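Line by line, the protein sequences are chains A and B. First residue of the first sequence: 1, per this note's numbering; consecutive thereafter. First residue of the second sequence: 1001, per this note's numbering; consecutive thereafter.
Worth flagging that the hints you see were computed from the coordinates, not collected in a lab. Bear in mind that the values here come from a model prediction, so they are computed numbers and not experimental data. Heads up, some of the hints might be wrong.
35 Å max Cα-Cα, derived DSBU-like pairs, lysine-lysine [unchecked claim]:
no.: 1; chain 1: A; residue 1: Lys115; chain 2: B; residue 2: Lys1110
no.: 2; chain 1: A; residue 1: Lys210; chain 2: B; residue 2: Lys1164
no.: 3; chain 1: B; residue 1: Lys1490; chain 2: B; residue 2: Lys1029
no.: 4; chain 1: B; residue 1: Lys1185; chain 2: B; residue 2: Lys1273
no.: 5; chain 1: A; residue 1: Lys115; chain 2: B; residue 2: Lys1019
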Amino acid sequence: MKFLLKQKEFSVLAIVVIISIILSFVSPVFLTVENWLDIIEGNAVIGILAIGMTLIIITSDIDVSVAALTTAVTVSIGYLFQFLPDSWISVVLIFLIAPLIGILLGSFNGLLVSKIKIPAIVVTLGTLNIFSGLVLYITNGNYINSTNFPDSFMAFSNIEIAGIPILIYLFALVAAGTWFILKYTLIGRSVLAIGGNAQSSVRVGINFEKVKMFVFSYMGFLAGIAAIAQTSYTSAIDPNGLAGLELTVIAAVVLGGANIHGGRGSIPGTLLGVLLLAIMQNGMILARIDTFWQNVVTGAIIVIAVSYDEINHRRNQEKLSNIDVKEAS
Amino acid sequence: MSDYILEMEHISKTFPGVKALDNVELKVKRGEVHALIGENGAGKSTLIKVLAGIHDADAGGKYLFEGEEADIHQPLDATLKGISIIYQDLSLFPNLSVAENIYIGRDSNKKPWKKINWKSMKDLAEKAMNELDMDIDLNKKVELLSIAQQQMIEIARALAFDSKLIVMDEPTSSLSSGEVEKLYKVIDTLKERGISVIFISHKLKELFRVSDRLTVLRDGQYVGTYGVNEINEQELIKLMVGREVVYERNTEKADIGEKMFEVNNFSKEGNFKDINFSLHKGEILAITGLVGSGRTELAQSIFGVNKADQGTIRLNGEDLTISSAEDAVKNGIAYIPEARQVQGLVLGQSVVNNMTLPVIDTLRNKFKLIDHNIEKNLTNQYIKSLDVRPSMPDMPADKLSGGNQQKVVIGKWLSAQPKLLIIDEPTNGIDIGAKTEIHKLLRRMVNEGIGVIMISSELPEVLSVSDRILVMSRGRIEGEMNTIDADQEKIMNIALDTEGEKDVGNSEVSDGKSHQEV
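Using the sequences plus the hints, can you model the full thing?
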């Protein structure tokens, strides 16, 4: 099975490679280091959110409030900046406070899903509206520019190590950390278990509510990190800047091989999903294709990839049940 | 130290409206294989759920494990104490590897951030596999294993937990004979290591082969515990079926008319084999047998939802080709499934919407829109003739009692004016008064010329309602009798018969009462 799973991630990787080859012919700029660093940095926010979303989708839930939640944290950051001194302490403080606000908002989702047992799609549709409504009320929809940002934060944003922007390191850290959680910790194992077979997981003593609570809070935590990344990347706070981003995030996760019915999904897969969407977009911009067509192509790829996966999965299941019947008779 | 690893006495469990267990006893010695038997609904599953901590027993019972108050209130408590339950539908995680499946749950009481050591996990899994003399790649995902292998993974998990008591719920129901032998060997190994096993099965021969002692339950009550040498199969069957009879026996000989429906050479791999029977005008035909005997699959095949591999059916002298439920309905065959709440009713919708569903395309006016007046009239007509209470066509179906829901389902199919009605466990989960009404309704339909085939595992019901009985076992019709000549023992003898190796690999998992699963 490991082979099969690898194969699955491999197929996304193969598409990434093929598209890269095509795009390198379309534009000589595409296959340069700078372009790739740009692509990754520009998609760090989507990537960080997609990593959190992977855990939620593995437990067969969904969170459509992520973009609104992230925006809510960015706006909070903007207000905090007015009170923070121009010192490195401010950067540290932001890295403590933003994730904390994220966890708070995320655990609100988690509470409704796990304790009151409302379907996650309903809960997060509701909180999506609550968060974005409050954001618009507080900001009046106004853009906050970087004049009030502490210089230390601006300096942080511009850090490059070995020619690679700090955001890419942040993204990599999140990815590695979450991968580690999934593979090496009990809570990560519980996430996979609940997605694989919820009833069995209760029988072996896994606390269902706690795990649900965890995935939504963790999503909130990563939304807090993503908010910092977004603020740092755009050097501004735009109350409408992330509207609709949740769909891209979910698309990336699903493209990466996570199954919306739960149980399947991995961090490497999600990273490839993010990358695939990112280079498609980048390539089409380089090829000067209308944004309208970009959306059509992206949508088509998602539908095709998911259909392929679903058909493949069903075929494997059928093969397996055949084996059972044969062995039994 | 007590001889007994498990002592449960005076265990009762009451669900709203039902006493599932009434003063039951189960005592298991160290290192013995103890069989737990009883008909469907005798209370075995409920007792195991109490044992496992899924249900708490009513106050007043005694539950000792290793001589001490068990204090088990959730599945994890049981696992940590050394009780492992291998459910019929297994508790595995298809998306995780063999090693992970064996290890899982071990640390459920530890901190969520506790690091998992893959090396020690694999060592542990490997050790358990070696003890069972199994050779399966530990990195393989469980979804790629056969059912027999998956079961071994569950046993390996129990070993890895140092379980002292392992409960196996119908472990052989989906195994081939070779695999069953292997399982017996594993059970012998467990015994040698001093591990006790509670073995639940309907196959009597099997029970006599593997177990040392057995406990019989009937209707939620304790019948007795016997050594396998003190009792034989006949005596055992008598103990199992001595059920209180709540219905009047059908003693009238039916006025049987011409043959209206027949099934010839019906087979479906893994479900049933060589099915031949016919239904005459004026009789109710009952098909009975244990859960998993292929009754429901057969009904679904006649109805077209579980297409048979071969065989023909004739209705009123006409050969029918049915490859979907739509075909069946068009040809006048109606099927009311067992899980009527799930399959038979649109619960949130009104009685009207439910009843007219099969005929909705005939209730349209000249603009091709649904005519609500005709719809309501039709519904009111059925509400009246079936005596649905309250007689409110606009009431959501889920607000009705179970019995009235069943009437709505019956009304729904009557509105389609079927020639043949197949009804699966017609009175499962509804109160006794409503049961009798449903029975009368079935008789009325027969008198009106509709063919009725009733599938039921409740023997008193079968003996009260039907005119002729077919008994299925392991996918075949093993017995046929007129109801006036039948009794519970005769039927059970056939239904439980385990001779030969003609297993067609049934793997039905629910036993009707287990809907209140974890």
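- Message: Need the status of pair Lys115/A, Lys1019/B: alpha-carbon distance at most 35 Å?
- Response: 30 Å, holds
- Message: Need the status of pair Lys210/A, Lys1164/B: alpha-carbon distance at most 35 Å?
- Response: 29 Å, holds
- Given the hint that Lys115/A pairs with Lys1110/B, does the C-alpha gap stay at or below 35 Å? 22 Å, holds
- Message: Check the hint pairing Lys1490/B with Lys1029/B against an upper bound of 35 Å on the C-alpha distance.
- Response: With Cα atoms ~33 Å apart, Lys1490/B and Lys1029/B stay inside 35 Å; holds.
- Task: Quickly compare the C-alpha distance for Lys1185/B and Lys1273/B to 35 Å and report which way the hint goes.
- Result: Within the cut-off at roughly 30 Å; holds.
In this structure, every one of the numbered hints holds.
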